[in-house]
Amino acid sequence: MNTDLYNYTLRLADNGLILSHRLAEYISCGPFLEEDLALTNTGLDLIGQSEALLKYAAEQNGKVDEDYLAFGREEYEYYNFHMVEYPNEDYGYVIARQFLMDVFNYYNYTLLVDSKDETIAAIAAKAIKEVTYHLKRSSEWIIRLGDGTKESHDKIQSCINNLWMYVDEFFETDEVNDRLIAAGIAADISTVKANWHKKVSEVLETATLTKPELPKYSLVYGKDGGHTDYMGYLLAEMQFLKNRFPNATW
Amino acid sequence: MEDNQGILWEVFVQPKPGRPYKHVGSLHAYDKTMAMEAARDLYTRRGEGQALWLVKSEDIVASQPEDMDAFFDPANDKAYRHPTFYTMPEGSKHI
Numbered sequence: 000m001n002t003d004l005y006n007y008t009l010r011l012a013d014n015g016l017i018l019s020h021r022l023a024e025y026i027s028c029g030p031f032l033e034e035d036l037a038l039t040n041t042g043l044d045l046i047g048q049s050e051a052l053l054k055y056a057a058e059q060n061g062k063v064d065e066d067y068l069a070f071g072r073e074e075y076e077y078y079n080f081h082m083v084e085y086p087n088e089d090y091g092y093v094i095a096r097q098f099l100m101d102v103f104n105y106y107n108y109t110l111l112v113d114s115k116d117e118t119i120a121a122i123a124a125k126a127i128k129e130v131t132y133h134l135k136r137s138s139e140w141i142i143r144l145g146d147g148t149k150e151s152h153d154k155i156q157s158c159i160n161n162l163w164m165y166v167d168e169f170f171e172t173d174e175v176n177d178r179l180i181a182a183g184i185a186a187d188i189s190t191v192k193a194n195w196h197k198k199v200s201e202v203l204e205t206a207t208l209t210k211p212e213l214p215k216y217s218l219v220y221g222k223d224g225g226h227t228d229y230m231g232y233l234l235a236e237m238q239f240l241k242n243r244f245p246n247a248t249w
Numbered sequence: 000m001e002d003n004q005g006i007l008w009e010v011f012v013q014p015k016p017g018r019p020y021k022h023v024g025s026l027h028a029y030d031k032t033m034a035m036e037a038a039r040d041l042y043t044r045r046g047e048g049q050a051l052w053l054v055k056s057e058d059i060v061a062s063q064p065e066d067m068d069a070f071f072d073p074a075n076d077k078a079y080r081h082p083t084f085y086t087m088p089e090g091s092k093h094i
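Sequences listed follow chains F and A, in order.
Anchor point for the first sequence: position 143 equals 142 in numbering that gives the first Met the number 0, and the numbering is continuous, going up by one each time.
Anchor point for the second sequence: position 29 equals 28 in numbering that gives the first Met the number 0, and the numbering is continuous, going up by one each time.
Chain A on its own, in the form it takes in the complex (with noise of 0.2 Å):
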């Protein structure tokens, strides 16, 4: 069957004024006011966020599967790129 359901969009949800948007999930829908009608219909309906981000599927530039080891791999093996050489100031907070 021919796919009418219209294209993809990725949904995200910030949950208070100031929170970072998370992603929550995603929708089919024909333009951007029925995303977004959909998106408060499916994802805001008990209460998770007050704002709503939107974007096509299609515009979102992924990594892919087979470039993970290329990628993400060389970080692991190196400890002293993290700053866990330094004494830290006593007392300091939130670092």
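This is chain F alone, in the form it adopts within the complex (with noise of 0.2 Å):
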């Protein structure tokens, strides 16, 4: 087994996987109707990549399936951004937290698309038009709520500003990922950076709001396996059933 593949694979998959959990949490507390079933759209998106990723994963593993690779792992064995893992506090944490994670998979799944690893590119090929989609909604969101009421604006800013210390994370390359960016495997991450902080500056522009310093925050990081205090307690709740009925099929 390709141990680098294995990590990057599960990086891409436990990101989206989180997320989708924590978009889980919010159905039916949405802002109105429209909006609950727009969010539960996108999450359902997100666990759709990250089946896919996961199967890939199980398959190179060979020892385990997707399910257990889901529900069945230690914290330390996932990977997921910190970013993801942080909390519904309310729509605004929501949206904020959903669009600097879109313009990530964005620009990622952009590159991607040409990975040398056909499953992964065919993976990424499939995700780009759902992400595309999702980077536009919730720009929309931010350049309304951002140039809306003054309470709006103020208030999608303190969620910006507080999310901020998780954005580094995305940008911060290791061994794992230097290895298969020169195997033309994983994307490039200063080019999604790049373009990762264009888009975000231009959408922040449009909607009137501050575009935070960008502060190094943690020296463990989600993608070592090292999570923040949010992640035990989501995990408690995900893997639930799985803790609870081992062999529960439906």
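Any given hint could turn out to be false.
[Unchecked claim] Listed next, the in silico BS3-like pairs over lysine-lysine satisfying Cα-Cα at most 30 Å (straight line):
1) F/Lys-149 / F/Lys-135
2) A/Lys-31 / F/Lys-128
3) A/Lys-31 / F/Lys-149
4) F/Lys-135 / A/Lys-31
5) F/Lys-128 / A/Lys-21
6) F/Lys-125 / A/Lys-15
7) F/Lys-198 / F/Lys-128
8) F/Lys-154 / A/Lys-31
These aren't lab readings, by the way, just hints derived from the structure by calculation.
With the hints as a guide, bring both chains together as one complex.
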């Protein structure tokens, strides 16, 4: 098994898996019916992408299936960004978190369409249509909230400020990443970073919002298996059924 | 509670290019762009169509239920308005 490729596949899969779980938690809590359904659609797209990636990871692993990878791992074996663990404090956080991730997903999958790994390229080709729409939708919301009333402006600005500390992890590279970039499999993170900043600046400017400075936040990253306090609670709920009824089928 | 869900829009879906648009329902949204996105998410998530029309509900001129008799009843007993008294040429179709 190519450990680098396996870890990279899980990193991609886990971002979608955990974010889709957060969106699932929000079902019926949307500000109005139309928005509730739209967010749920986004969550379903993300779980679909993750399912394909987890299947691919399970094939590489050979000893476990995708259900185990989704619901059976220990906390330190999940490799998602801290950003996606952040709770649904209110709709502002939900949409700010979504926007920051959508921009990342969009530029990351844009490059992965040309990955030399055929499976990842195929998954990216399908995902790019979905994330293009996600990004369009969340950008529109950021613009409307930012350039809306004073209250909506201040609220969404504070959401972006508070989530900003989880951004630096997106672009922190490591040996796994570097080796796969050299092999033409992983997305070149410096290109993703440049595109991400350009797009986020554009949208925030249109939304009359201020782009925060990028702090160095943490020495332990989600993609290495280190997580925020939120993750344990999230997993306790996400894994409940599998833990309580290990052989449940439906 | 104040209604802050935006204005009401009527949604029309075209199943395939060339086919007529069909009214499928309504939705709430604040402006054209958001209305279009909501329509996509609400009414085309199971492959129902390939194009959408949206119209503000308030822009639709609708007949009123109380006018129903005066408007439509007189047409009921005028069978001669139907072109059913002509002899059709043999073999003609789609008429």
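Hints, verified against the model:
{"no.": "1", "hint": "F/Lys-149 / F/Lys-135", "verdict": "holds, 23 Å"}
{"no.": "2", "hint": "A/Lys-31 / F/Lys-128", "verdict": "holds, 22 Å"}
{"no.": "3", "hint": "A/Lys-31 / F/Lys-149", "verdict": "holds, 22 Å"}
{"no.": "4", "hint": "F/Lys-135 / A/Lys-31", "verdict": "holds, 14 Å"}
{"no.": "5", "hint": "F/Lys-128 / A/Lys-21", "verdict": "holds, 26 Å"}
{"no.": "6", "hint": "F/Lys-125 / A/Lys-15", "verdict": "holds, 22 Å"}
{"no.": "7", "hint": "F/Lys-198 / F/Lys-128", "verdict": "holds, 18 Å"}
{"no.": "8", "hint": "F/Lys-154 / A/Lys-31", "verdict": "holds, 24 Å"}
The structure meets every hint from the earlier list without exception.
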